[in-house]
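**Q** Using the working numbering, you'd call the opening residue of the sequence shown number 825 and step up by one each time.
It cannot be assumed that every hint is accurate.
In silico DSSO-like cross-links for lysine-lysine, where the CA-CA straight-line distance does not exceed 27 Å [said to hold, decoys possible]: (1) K906 / K851; (2) K872 / K906; (3) K872 / K851; (4) K924 / K906.
Ranges between beta-carbon positions, derived for each pair [what the hints assert, rightly or not]: (5) E848 / I940: 18 to 28 Å; (6) K872 / E895: 15 to 25 Å; (7) R873 / S916: 10 to 20 Å; (8) E981 / S916: 33 to 43 Å; (9) A841 / P928: 34 to 44 Å; (10) R963 / P843: 13 to 23 Å; (11) D948 / K872: 13 to 23 Å; (12) K851 / A892: 18 to 28 Å; (13) E866 / T897: 32 to 42 Å; (14) G975 / T897: 18 to 28 Å; (15) P836 / P947: 35 to 45 Å; (16) E869 / G949: 32 to 42 Å; (17) D948 / R890: 26 to 36 Å.
Read the hints as simulated data drawn from the structure, not as lab findings.
Think of the CB as a built atom: it goes at the ideal place given N, C-alpha and C, for glycine as much as any other residue.
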Amino acid sequence: MEIAIISDTHLPRGSRALPDACVERLKAADLIIHAGDFSRAEILEELKRLGPIVGVHGNTDDSLLRAALPESTVIGVGEGRKLAVIHDAGASQGRLRRMKARFPGVDAVIFGHSHIPLHEQAPDGFQIFNPGSPTDRRRQPRHTMGLCHAGDQLRFELVELD
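Generate the whole structure from the sequences, applying the supplied hints.
**A** Below is the structure:
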């Protein structure tokens with residue numbers, strides 16, 4: 825199972841749009857995960873036309889998104905694996921430990937909010953992953969998104985879009 829992961833798209837905003845390379849990966853994926861800060865509900869509807877999507881609302885999302893999407897969710901993927909999705913995973917200090925405690929029994933937590941790509945793994949295999957942003961890199965050198973190859977294990981990959 826191939827999962828395309830994005831977060832912090834903050835659309836629409838001026839002429840900003842999802843990069844073509846991102847859209848191609850979203851269309852090719854078996855599942856799209858958006859970790860919040862779509863900004864407006866029509867972006868969720870546009871993403872639904874690209875493929876099946878799981879999303880959570882973020883701190884900048886409009887009231888329609890907040891009503892339609894949960895703050896966090898847990899889904900089954902691959903061969904008996906579980907992923908949690910949340911927008912804001914809190915301060916970087918202790919984040920891996922905190923997310924493992926908040927979502928017991930999951931294999932990984934996907935989050936956004938900071939726009940800073942991150943992949944950390946605990947000694948027992950538990951992982952956290954932030955795909956960065958495909959549209960708003962802030963102080964990061966590149967626009968990014970993520971992929972998760974889900975089978976009997978979860979393998980995350982950061983994709984640079986420019």
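**Q** It remains to establish, for every hint, whether it holds in the given structure.
**A** Tested hints:
With a CA separation close to 22 Å, the supplied pair K906 and K851 stays within the 27 Å bound. Simply put, K872 and K906 have alpha-carbon atoms about 22 Å apart, close enough for the 27 Å limit, and the pair holds. Proximity of K872 to K851 is assessed by CA-CA distance (about 10 Å); at most 27 Å being required, the pair is judged to hold. This hinted pair checks out: K924 and K906 have alpha carbons roughly 12 Å apart, not beyond 27 Å.
In this structure the supplied range 18 to 28 Å holds for E848 paired with I940, their Cβ-Cβ distance being about 24 Å. A C-beta distance of roughly 20 Å is found between K872 and E895, which places it inside the suggested range of 15 to 25 Å. At about 35 Å, the CB distance of R873 to S916 disagrees with the hint of 10 to 20 Å. For E981 paired with S916, a C-beta distance near 21 Å fails the hint of 33 to 43 Å.
Range check, A841 to P928: Cβ separation about 39 Å, and the 34 to 44 Å hint holds. For the pair R963 and P843, the supplied restraint of 13 to 23 Å holds, since their beta-carbon distance comes to about 19 Å. For D948 and K872, the hinted distance range of 13 to 23 Å is not satisfied, since their beta carbons lie about 35 Å from each other. Between K851 and A892 the CB atoms are about 22 Å apart, so this pair conforms to the stated range of 18 to 28 Å.
A hinted range of 32 to 42 Å is violated for the C-beta pair E866 and T897, which are about 21 Å apart. Distance hint for G975 and T897: a CB-CB separation of about 21 Å, consistent with the stated range 18 to 28 Å. A hinted range of 35 to 45 Å for the beta carbons of P836 and P947 is consistent with their spacing of about 43 Å. Between E869 and G949 the beta carbon distance is about 36 Å. The supplied range of 32 to 42 Å therefore holds.
Between D948 and R890 the beta carbon distance is about 34 Å. The supplied range of 26 to 36 Å therefore holds.
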